[in-house]
Amino acid sequence: MDQAIDRRWRDPELLFKALPSVVLQTTCFLAPLVMTFILTFQRTRDFQLRWTWDLTVWTDVFSKPHYWTILGHTLFMAIACVVICIVLAFPIAYGLATRFKAIENEIKILITFAFITDATLKTFGWVLFLDKKGAANYLFAHLGFPPDIVAFLFTDWATMLGMVYNLLPFAIFTIYLSIDNIDRSLILAAYDAGASKFRAHWEVTLPLCKPGIWAGSVLIFLLGVGVFLEPKVLGGGKSPMSAELIRQTFETRVNWPLGAALTLVLMVVAVFIVLLFTRMLGMKRAGFGT
Amino acid sequence: MNHRAESLLVDVILYGVMALILLFFYIPIFTLIAFSFQQGRYLTLPFEGVSLKWYGELFHNTNALNALWNSTIIALIATVVATAIGTLAAIAAVRYMFRGKTLFQALAGAPLAFPQLLLGIVLLLWFSVLGKWFGFNTGLVTAIIGHIVYISPFAMVIVAVQVWNFDPTLEDAARDCGAGNWDVYRYVTIPLLWPGIFSAAIFAFLLSWGNFYITYSLAGSMRTIPTFIFSGIAVGSSPLYPAIATVVFIPGILLVTLAATMRNRRAQRQG
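The listed protein sequences derive, respectively, from chains A and B.
Here our numbering = 1-based position in the first sequence + 23.
Here our numbering = 1-based position in the second sequence + 1492.
Just so you know, not all the hints are guaranteed correct.
[Claimed, not checked] What follows is a set of in silico ranges between Cβ atoms, one per label pair, in the way DEER data are often shown:
(1) B:N1558 - A:L162: 32 to 42 Å
(2) B:K1593 - A:R68: 25 to 35 Å
(3) A:L166 - B:D1503: 20 to 30 Å
Keep in mind that the hints were calculated from the coordinates and are not lab data.
Built from N, CA and C at the ideal position, the CB exists for glycine as well.
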């Protein structure tokens, strides 16, 4: 329905509808972000905030490689998580949109419920499953495997498992929507032109659901750089990621300015990478077109 | 290879992957449910016996009951407010043309792509500084505000899909027949948008009910179910925590099933 109505900002109808969101997100999202930025120019002494207006925190951030190693590790984990999620989500989304008609709704309910269930609970469940004395080893031992075969809890692998587990539904939903929107006649046309199923898939379906894959990747990447529960609970806190470092800076060291600076660095770098990839993929597409 | 053989092969692969992924999704959930029936004191296998003992214990544990109560209050208030704000924003973002519309859409939807923990921290800084100036502490109210900031964009996106399929001439028709603004909302706009608003509300409730990151940052010393369970995540803790987890699954299962059944029934009526 493309019958949008022209409105001026003074129109009470528009104000009534748009103002609550504008006020909410300005006072409780934009203003806090600006405040975070301002805080990075202050200092803490004796666990108290001092309004000093200098660059101590920023020189600290840029002179300690420790912070940047953690950031690099975080970005690597987030990107690996994006790749795994997209590869796993594609067949599911494709099947949901085209094949599983008979049980489509049941599968959707199952995925939605698993998605909407609190991440803390599910992460706890994984700990109980993967623990040395947990369910996995118990089951494998009964099947005749040697004892303690599942022993990767408290490593990066367990962190990755948790991240993929918690973020995979985002990829499934976005890719599903984009495949669902593809005009079926385009694929039938490819068959008429003699394409095999795989060929049609490769040359028609895949390029057409690029927006969905892209949206899913961006979402997962941005959420992935901010994970805290998985490295702490499943990774055992051994190789910390940025979010945990930030959390510690606030909680244990009570250094708000430093925490604020690290938050901003993480956000800026993450957004920059998204923009960089957008640019690169955009150029690639233009290259193919000519 | 002919089309039928290819088709069969694709089916086998897709159904196989689907089954594996569903298994993957439900491993931790079933593990938790299973452990909640452990009779012994510790979360280790093999079980000493199967019992409902820890469910009984749950109803005598004041901390757990408090957390349950806090979760419910926060989720109810956040659902109502976030759904209302999201619905209004969806109408503005889809139906109207105005200057700065793209900016409005970006602002109203921004928290969607912001990591929750960082949103929580940024808000914690904000409320701590404001709290120092105006003399208040973080607690129930700040947690509710945080949830509303995070959930309104979700509500907006869900309702926007419904608004997009909505024929605005219906509102004009009602107005031509002499209906006032309020009557148009009451008898035309809201009933037509109701399916979207209803799904948004269910989604909002579940997002708030299960929220860990924002509550963890903003609730002060107050505990909700997710933060209460976080404090008990350890293999050494008692089966009380899996029991709470299992209780928490129930509203989720009911609401998700309810939403899906309603959508199906509507689809059948239309089809």
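| Can you give the numbers of the hints that this structure goes against, from lowest to highest? | 2
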